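There are 2 protein chains.
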Amino acid sequence: MKRKLLIGLTCLTGLCAALPASAQFAKPEDAVKYRKAAFTVMANHFGRISAMAQGKVPFDAAAASANAEIVATMAMLPFSAFPEGTHGTDKGTPKASVWSERAKFDEGAKALQAESVKLVAAAKSNNLDALKAAVGNTGKTCKSCHDNFRNE
Amino acid sequence: MKRKLLIGLTCLTGLCAALPASAQFAKPEDAVKYRKAAFTVMANHFGRISAMAQGKVPFDAAAASANAEIVATMAMLPFSAFPEGTHGTDKGTPKASVWSERAKFDEGAKALQAESVKLVAAAKSNNLDALKAAVGNTGKTCKSCHDNFRNE
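Respectively, the protein sequence lines represent chains R and P. Heads up: the first sequence is residues 1 to 152, going by the UniProt record's numbering. Heads up: the second sequence is residues 1 to 152, going by the UniProt record's numbering.
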């Protein structure tokens, strides 16, 4: 179990190191489309795990693990796709504070990434209580960034 | 290298086994949004590798590998999100043939999944010619499905 997680962490670290350099978008709208897509996929798979944590669907450690791995992978992607000037005022769009408080935003991204790696570990532990705790902690990182940086 | 790929393949197989059972969408439009998002992320990362294969950006095996792993992961996702009745006539929407020729569509999905796993191996091999060949083969599976099943 630990070995598998270690491999997962190594992959994610590799991903982190390898991706930003090539994370270029021809147009700002390409970045917007990409980041929205990454968040959509992440939210869907996080939702599937949340449903298990909430007892809405039966707990299935294999499915939870597969979904958590996608969440952890997706969590690495969208934050390179916030070029300046791509804020908005509509519901769901980023506030300009993403750029005026970029360090805080980046910290929020790192918190999500760290918690989603723990989510993978919790899912693999086959312990529903551990999964519930990890879902809660991951969800808090989502909410924190949304509260600070997303128009509601 | 082989060990890493094996782990990758195992993960993907696990993903394949674990995901469809929970791939449920409350509404057809949720499935449409999800599958479009998965294709958007996949296309973006495939594009980054293609740019290397075409010599538009320098070949970087680590970045190619990270991008290929995302392509391979994303390739597993959208095909559970084609509930009947979600075809269209606009450019980019699926034709009704997705459902009338579902076996052929599923075969196309499997071909993409298989080629994208080979793309990961090629990227990890640090051999630009191998990468070019794998990009070509993966791209053919995209085109084949688009020609048959997507409105242009």
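If you are wondering where the hints come from, they were derived from the structure by calculation, not from laboratory data. Watch out, some of these pointers could steer you wrong.
[As the list claims (entries may be wrong)] Derived DSS-like pairs: lysine-lysine, alpha-carbon spacing no greater than 30 Å straight-line:
1. P:Lys-91 - P:Lys-27
2. R:Lys-104 - R:Lys-118
3. P:Lys-27 - R:Lys-143
4. P:Lys-118 - R:Lys-36
5. P:Lys-143 - P:Lys-56
6. R:Lys-91 - P:Lys-36
7. P:Lys-33 - R:Lys-56
8. R:Lys-110 - R:Lys-95
9. R:Lys-118 - P:Lys-33
10. P:Lys-91 - R:Lys-33
11. R:Lys-140 - R:Lys-104
12. R:Lys-95 - R:Lys-27
13. R:Lys-56 - P:Lys-36
14. R:Lys-140 - P:Lys-27
15. P:Lys-36 - R:Lys-33
16. P:Lys-143 - R:Lys-91
17. R:Lys-56 - P:Lys-118
18. R:Lys-27 - P:Lys-56
19. R:Lys-143 - R:Lys-56
20. R:Lys-110 - P:Lys-36
21. R:Lys-91 - P:Lys-33
Since the structure is predicted, the reported quantities are computational estimates derived from the model, not experimental observations.
| query | Are the Cα positions of Lys-91 of chain P and Lys-27 of chain P separated by 30 Å at most? | reply | Distance ~22 Å between Lys-91 of chain P and Lys-27 of chain P Cα, so the pair holds.
| query | Is Lys-27 of chain P within 30 Å of Lys-143 of chain R, Cα to Cα? | reply | holds (24 Å)
| message | Checking one constraint from the list: CA of Lys-36 of chain P to CA of Lys-33 of chain R, max 30 Å. Satisfied? | response | holds (10 Å)
| said: Run the distance test for Lys-110 of chain R versus Lys-95 of chain R: straight-line Cα separation, threshold 30 Å. | reply: Holds, at about 19 Å.
| message | Tell me if the straight-line CA distance from Lys-95 of chain R to Lys-27 of chain R falls inside 30 Å. | response | The given pair, whose Cα atoms are some 19 Å apart, holds under the 30 Å limit.
| Is the straight-line distance between the alpha-carbon of Lys-91 of chain R and that of Lys-36 of chain P 30 Å or less? | holds (21 Å)
| query | Given the hinted pair Lys-104 of chain R and Lys-118 of chain R, is their alpha-carbon gap at most 30 Å? | reply | The given pair, whose Cα atoms are some 21 Å apart, holds under the 30 Å limit.
| request: Mind checking the alpha carbons of Lys-118 of chain R and Lys-33 of chain P for me, to see if they're no more than 30 Å apart? | output: holds (27 Å)
| query | Are the Cα positions of Lys-140 of chain R and Lys-104 of chain R separated by 30 Å at most? | reply | holds (15 Å)
| field | 30 Å Cα cutoff - pair Lys-27 of chain R, Lys-56 of chain P | value | holds (17 Å)
| Pairwise hint evaluation, Lys-33 of chain P against Lys-91 of chain R, where the allowed Cα distance is 30 Å at most | Status holds; Cα separation ~17 Å.
| Holds or violated: Lys-56 of chain R with Lys-118 of chain P, Cα cutoff 30 Å? | violated (38 Å)
When the structure is compared with the earlier hints, violations turn up for hints 16 and 17 and for no others.
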